[in-house]
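Based on the sequences and whatever the hints tell you, model everything.
2 protein chains.
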Amino acid sequence: MAPLGDGGRPARGAGYPERVTFPVVGMVGGGQLARMTHEAGIPLGIKFKLLSDSPQDSAAQVVSDVVIGDYRDLDTLREFARGCDVITFDHEHVPTEHLRALEADGIPVRPGPDALVHAQDKGVMRAKLDEIGAPSPRHRIVADPADAAAFAAETGGFPIILKTVRGGYDGKGVWFVRSEDEARDPFLAGVPVLAEEKVDFVRELAANIVRSPHGQAVAYPVVESRQVDGVCDTVIAPAPDLSPDLAGQAQELALRIAKELGVVGHLAVELFETRDGRILVNELAMRPHNSGHWTQDGAVTSQFANHVRAVLDLPLGDPRPRVRWTVMSNVLGGDYPDMYRAYLHCMARDPQLKIHMYGKDVKPGRKVGHVNTYGDDLDDVLDRARHAADYLRGTITE
Amino acid sequence: MAPLGDGGRPARGAGYPERVTFPVVGMVGGGQLARMTHEAGIPLGIKFKLLSDSPQDSAAQVVSDVVIGDYRDLDTLREFARGCDVITFDHEHVPTEHLRALEADGIPVRPGPDALVHAQDKGVMRAKLDEIGAPSPRHRIVADPADAAAFAAETGGFPIILKTVRGGYDGKGVWFVRSEDEARDPFLAGVPVLAEEKVDFVRELAANIVRSPHGQAVAYPVVESRQVDGVCDTVIAPAPDLSPDLAGQAQELALRIAKELGVVGHLAVELFETRDGRILVNELAMRPHNSGHWTQDGAVTSQFANHVRAVLDLPLGDPRPRVRWTVMSNVLGGDYPDMYRAYLHCMARDPQLKIHMYGKDVKPGRKVGHVNTYGDDLDDVLDRARHAADYLRGTITE
Numbered sequence: 010m011a012p013l014g015d016g017g018r019p020a021r022g023a024g025y026p027e028r029v030t031f032p033v034v035g036m037v038g039g040g041q042l043a044r045m046t047h048e049a050g051i052p053l054g055i056k057f058k059l060l061s062d063s064p065q066d067s068a069a070q071v072v073s074d075v076v077i078g079d080y081r082d083l084d085t086l087r088e089f090a091r092g093c094d095v096i097t098f099d100h101e102h103v104p105t106e107h108l109r110a111l112e113a114d115g116i117p118v119r120p121g122p123d124a125l126v127h128a129q130d131k132g133v134m135r136a137k138l139d140e141i142g143a144p145s146p147r148h149r150i151v152a153d154p155a156d157a158a159a160f161a162a163e164t165g166g167f168p169i170i171l172k173t174v175r176g177g178y179d180g181k182g183v184w185f186v187r188s189e190d191e192a193r194d195p196f197l198a199g200v201p202v203l204a205e206e207k208v209d210f211v212r213e214l215a216a217n218i219v220r221s222p223h224g225q226a227v228a229y230p231v232v233e234s235r236q237v238d239g240v241c242d243t244v245i246a247p248a249p250d251l252s253p254d255l256a257g258q259a260q261e262l263a264l265r266i267a268k269e270l271g272v273v274g275h276l277a278v279e280l281f282e283t284r285d286g287r288i289l290v291n292e293l294a295m296r297p298h299n300s301g302h303w304t305q306d307g308a309v310t311s312q313f314a315n316h317v318r319a320v321l322d323l324p325l326g327d328p329r330p331r332v333r334w335t336v337m338s339n340v341l342g343g344d345y346p347d348m349y350r351a352y353l354h355c356m357a358r359d360p361q362l363k364i365h366m367y368g369k370d371v372k373p374g375r376k377v378g379h380v381n382t383y384g385d386d387l388d389d390v391l392d393r394a395r396h397a398a399d400y401l402r403g404t405i406t407e
Numbered sequence: 010m011a012p013l014g015d016g017g018r019p020a021r022g023a024g025y026p027e028r029v030t031f032p033v034v035g036m037v038g039g040g041q042l043a044r045m046t047h048e049a050g051i052p053l054g055i056k057f058k059l060l061s062d063s064p065q066d067s068a069a070q071v072v073s074d075v076v077i078g079d080y081r082d083l084d085t086l087r088e089f090a091r092g093c094d095v096i097t098f099d100h101e102h103v104p105t106e107h108l109r110a111l112e113a114d115g116i117p118v119r120p121g122p123d124a125l126v127h128a129q130d131k132g133v134m135r136a137k138l139d140e141i142g143a144p145s146p147r148h149r150i151v152a153d154p155a156d157a158a159a160f161a162a163e164t165g166g167f168p169i170i171l172k173t174v175r176g177g178y179d180g181k182g183v184w185f186v187r188s189e190d191e192a193r194d195p196f197l198a199g200v201p202v203l204a205e206e207k208v209d210f211v212r213e214l215a216a217n218i219v220r221s222p223h224g225q226a227v228a229y230p231v232v233e234s235r236q237v238d239g240v241c242d243t244v245i246a247p248a249p250d251l252s253p254d255l256a257g258q259a260q261e262l263a264l265r266i267a268k269e270l271g272v273v274g275h276l277a278v279e280l281f282e283t284r285d286g287r288i289l290v291n292e293l294a295m296r297p298h299n300s301g302h303w304t305q306d307g308a309v310t311s312q313f314a315n316h317v318r319a320v321l322d323l324p325l326g327d328p329r330p331r332v333r334w335t336v337m338s339n340v341l342g343g344d345y346p347d348m349y350r351a352y353l354h355c356m357a358r359d360p361q362l363k364i365h366m367y368g369k370d371v372k373p374g375r376k377v378g379h380v381n382t383y384g385d386d387l388d389d390v391l392d393r394a395r396h397a398a399d400y401l402r403g404t405i406t407e
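Protein chains in written order, with our numbering: chain A, 10 to 407; chain B, 10 to 407.
Do not rely on the hints blindly, as some may be mistaken.
Note that the list lumps identical chains together, so a pair holds whenever it fits in one copy or between two copies.
Stated by the list, open to error - Keeping only pairs whose Cα atoms sit at most 20 Å apart, straight-line, the calculated DMTMM-like set for lysine to aspartate or glutamate is:
1. Lys56 / Asp347
2. Lys56 / Asp370
3. Lys207 / Glu101
4. Lys56 / Asp74
5. Lys372 / Glu191
6. Lys181 / Glu101
7. Lys137 / Asp327
Think of the hints as simulated: they come from the structure by calculation, not from any bench. Here the structure is a predicted model, which is why all the values come from computation and not from measurement.
Below you can see the structure in the form of structure tokens.
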């Protein structure tokens, strides 16, 4: 990679290279985040290399340089990393010790293992947030169902939330527990269990920022994230009627977390907005995130483009919105497998609609794509996204 | 491909397919237009297959499904076309008879050979434009230098323009001729030579439209195209101070040409705006075109996305601008091969800058990328594009 710091060019003839190869960004994981990061990297002329489980993976379908292999195997990772100028991630599941081994081999890993562990282990994350004074729901590690009941008693009673500290996403690994009896399942996996109070929140927000190794950071507008059955359904950018004070607090919090944890790349801080006007950290994600998909069509620089720029330590792009309102709605698999046919209706009905499909087979409930809409009238923008997502899924037919 | 026409979906259980494979778009030619078309196709979930001369070609670097082969060889084309739902093009050089053979094999070719021949052969183009009453510079095929001198005498004297009817692009195959003596070179290739009057123009414009097999068409705003040494340097969208009447004429002309010639996909009509307030057709291009690169960041739907939608006969996307002014400047190769290092300065100076590089080795004068800038103040937008293009090329160092 190019050295940062001088921002200039050497004089002609001063050992200037005759031919320069653009850097190679290696991405571990072949999901839709890798697919869209590749898409965003094409205009930069960088080379993109993918480590994917299968050639049918979302990103593997569209990337030229794909290695099929298991990210849990260190030899595979090492072989993949050879020739990459930096390694980054589609997901947070690569074992911490493997990341340390890659760093020991001299490969920049961004975000690095010391940062990433906070997105991998909810126990480590909560401890760190407490240490830096970032607001969390009340929480502690609990040993068994009886201890969970004790935690409930300490915090005002059931219901409480139990989470396995590792391995959860999109509502998996999270239990809404109303009694000691219901508290048994989370302990079956043999992974430490974190108890959290059930927060009295009015809505969920996300504060998304991107930070470079150089320390530059940009903050996207704080968005509202609407969940259905624990899965993100719709994101509104910016969050409607959010007080400027709370929006500023959320952005500053995300920037501070990124700095304190040493995050490089995109950081999503999922937040609760409480009924009494506070924000509490729900989850952290250190990669492009569903709550940032709106930026593809609604911001000057998308989260994917800025993630690439950050991991290469290039100056970051403008994160500001291009339009008053942007709405993202996820497209989940439904009863109809033929989403392509649905394009006819959706595109004809709304020529401004932006469809982003992931190349995945349709399975009920699976995230297979998303749509973005934008404009000046929020109700209209919401309606258009809702209609397209529902029509593509097949829950409406006109 | 999905049948067009009903826009609806069959009832559940009515022979509905269990699993649908998105269509395969086969693109012949591995240049930057294919690269950017692939980028634009990723969100649609379509499959993109490339026929490229070399694995180092611009598009071949970023596409997963690449066939390396020679588009002039019919067997290669046929083998490539197998499994494609439609064939389209990065360039206009595929022999007409090969395209007819593919059509005879049952493969949709878009644009088809009967349309494409008008972009391949300037003699055929001029004859057709005359036939449909589209305004051209005065012109005729000339037999030799003496005949060229006779044409000059008929049209007010030298200088005149001579063009070989096939094989030219970016100023190649075009001669600015001041005398009979200078008129010899064009005849050396043994290709018919077209003579055209030297038009007294105030500037060059381009009217870009996209048309689907279904007959739907959308018109982008008419742009101003500034050339340097016969190569497009900067495009301003929309063309500043263009009279609404002339803009409307240009759009209608492009739509009429597309319809009369049966164009499918993106059509660029390069125009002269004459000193006496007329428009004359300079060239036609039936593919995404340099004069449409601004749409990537400045229009609701890019020319690349609409080209893909057109060749698949999907409803077209909104062509309107998202912002008052967008400027595209080409990045040509210069003395400095290391354009990546120049990113540091360009990105830090202008966080709104959009860089589009093609993955090509730098050679002096070669188009290796472009930049887009946009905003409300045209002077500022022009300055930013100029600065970035010059800095990337290395003609300025601060």
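Here's how the hints hold up against the structure:
1. In the homo-oligomer, the alpha carbons of Lys56 and Asp347 lie at most 20 Å apart only across protomers (15 Å), although the nearest pairing inside one protomer, at 33 Å, exceeds that limit.
2. In the homo-oligomer, the alpha carbons of Lys56 and Asp370 lie at most 20 Å apart only across protomers (13 Å), although the nearest pairing inside one protomer, at 27 Å, exceeds that limit.
3. In this assembly of identical chains, the alpha carbons of Lys207 and Glu101 never lie at most 20 Å apart, being 25 Å within a copy and 63 Å across copies at closest.
4. In this assembly of identical chains, Lys56 and Asp74 lie within 20 Å of each other by CA distance both inside one copy and across copies; the values are 9 Å within and 16 Å between.
5. In this assembly of identical chains, Lys372 and Glu191 lie within 20 Å of each other by CA distance neither inside one copy nor across copies; the values are 29 Å within and 68 Å between.
6. In this assembly of identical chains, the alpha carbons of Lys181 and Glu101 lie at most 20 Å apart only when taken from the same copy (15 Å versus 52 Å across copies).
7. Neither within a single protomer nor between protomers do Lys137 and Asp327 lie at most 20 Å apart by alpha-carbon distance, with minima of 30 Å and 48 Å respectively.
Checked against the numbered hints given earlier, this structure breaks hints 3, 5, 7; the rest are met.
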